[in-house]
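A.B. asks: Residue-level listing of the chains:
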Amino acid sequence: MTTPVSSAPADAVTAAPAEWGDYLALMKPRVMTLVVFTAFAGYVAAPGSIHPVMAAIAIFALALGAGAAGALNMAYDADIDARMRRTRKRPVPQGKVSVSDAYGFGIVGAALSVILMALSANYVAAGLLAFSIFFYAVIYTMGLKRRTPQNIVIGGAAGAFPPMIGWAAATGSVSLDAVILFAIIFLWTPPHSWALALYKSGDYADAGVPMMPVAKGAARTRLEILIYSLILVPFAVAPVFTGLGGALYAVASVGGGALFLIMAVRVWQSKAGEAGSAEEGALYAVRKGDRHARDLFAYSIGYLALLFAALIAEHGLGAHVALGFGGAS
Amino acid sequence: MSEPTVQDASKTTPDLTPEEQARRAFEKARDRRNKMIALGLVAFAVLIFTITAIRLYQNTGGAAG
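If you read the sequences in order, they're chains A and B. The opening residue of the first sequence carries number 143 in this note's numbering; numbering runs sequentially from there. The opening residue of the second sequence carries number 70 in this note's numbering; numbering runs sequentially from there.
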């Protein structure tokens, strides 16, 4: 029996067929890794636990939810992704996955992730996960991203939810410590994203996205990076005073924070962002004058990972040495 | 590198037009995708079954929740 000619759309026959790797790319695996890591830290640091298999399923649900939100983002942003060197190789602008397939994948993935979270952990964690997906896909991607230079300041909340969700999965509630972990990522997002935007500003300008360097200029962006860094670094020490962070976390937050501030000051003093984007599309490709912005962008990822790794080491590996501040968790 | 064998040559389909070859490639990719979707559904069912089993075990006093 032969396959009917009409079984495949005419345009689809000539298009490159989607492979499973294209769907994986649709889920932004690099972002997903950081989401899983911070959520795991929130879960481990929380004063409570669930069955380890249930915890593993809950973390998987969170990863699926983050991936689904990424797919919805790529579906909606296909037009601007195609105009930016950094994103034009994504599966949707490449034509490997259609916009409608990306939406379908994102919506089904989001629904399954929330169901899995509700069943494996609790309704509080599931509700927070559903809200974070909605916040990223609708509030940030569809609402803020193309309208205001404050897009990633407000939208950063979406990426700040994972440790709170991990915490809620373990305890069924949200406490002050969970809010502090949320706030650390929330305050970290602007300097992190604007450091990248500084040396990719031409890309954003071409796509019509009003990132801070495009809308307000490079000098204002460098100043805002410094201001947010001055707020972030002291705030990141807060877990030490509530008892959540011990000696290891204190060293990581103070030492790592000092280096963060030094790099932010260097960006502020530099001319980063004045020359537009680097010609190359790679994430870390940079013009000579933008080197400090690129370095801060790269280091900011390591800094956040360091903070949460310290929490995991203290609460998951028994390395917590209380410093006598606040109540021990 | 060794020379192409008779077996390698039998895999080529010189009688197919480029359009037919493209269609076959598309259909193979679609089959792979369908199998991945089926695998995903089975994995989801296994996860739900696992959660149910653990909840039953916990709720019948088998282990502390």
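It is worth saying that the hints were derived from the structure and are not from the lab. None of these values were measured; they are calculated from a predicted model. One thing to keep in mind: the hints can contain errors.
[To be verified] Derived DSS-like pairs: lysine-lysine, alpha-carbon spacing no greater than 27 Å straight-line:
1) Lys413(A) <-> Lys358(A)
2) Lys238(A) <-> Lys97(B)
3) Lys287(A) <-> Lys104(B)
A.B. asks: Next, verify each hint and record whether it holds.
C.D. replies: Structure-based check of each hint:
no., hint, verdict
1, Lys413(A) <-> Lys358(A), "holds, 15 Å"
2, Lys238(A) <-> Lys97(B), "holds, 15 Å"
3, Lys287(A) <-> Lys104(B), "violated, 36 Å"
Consistency note: the structure conflicts with earlier hint 3 alone.
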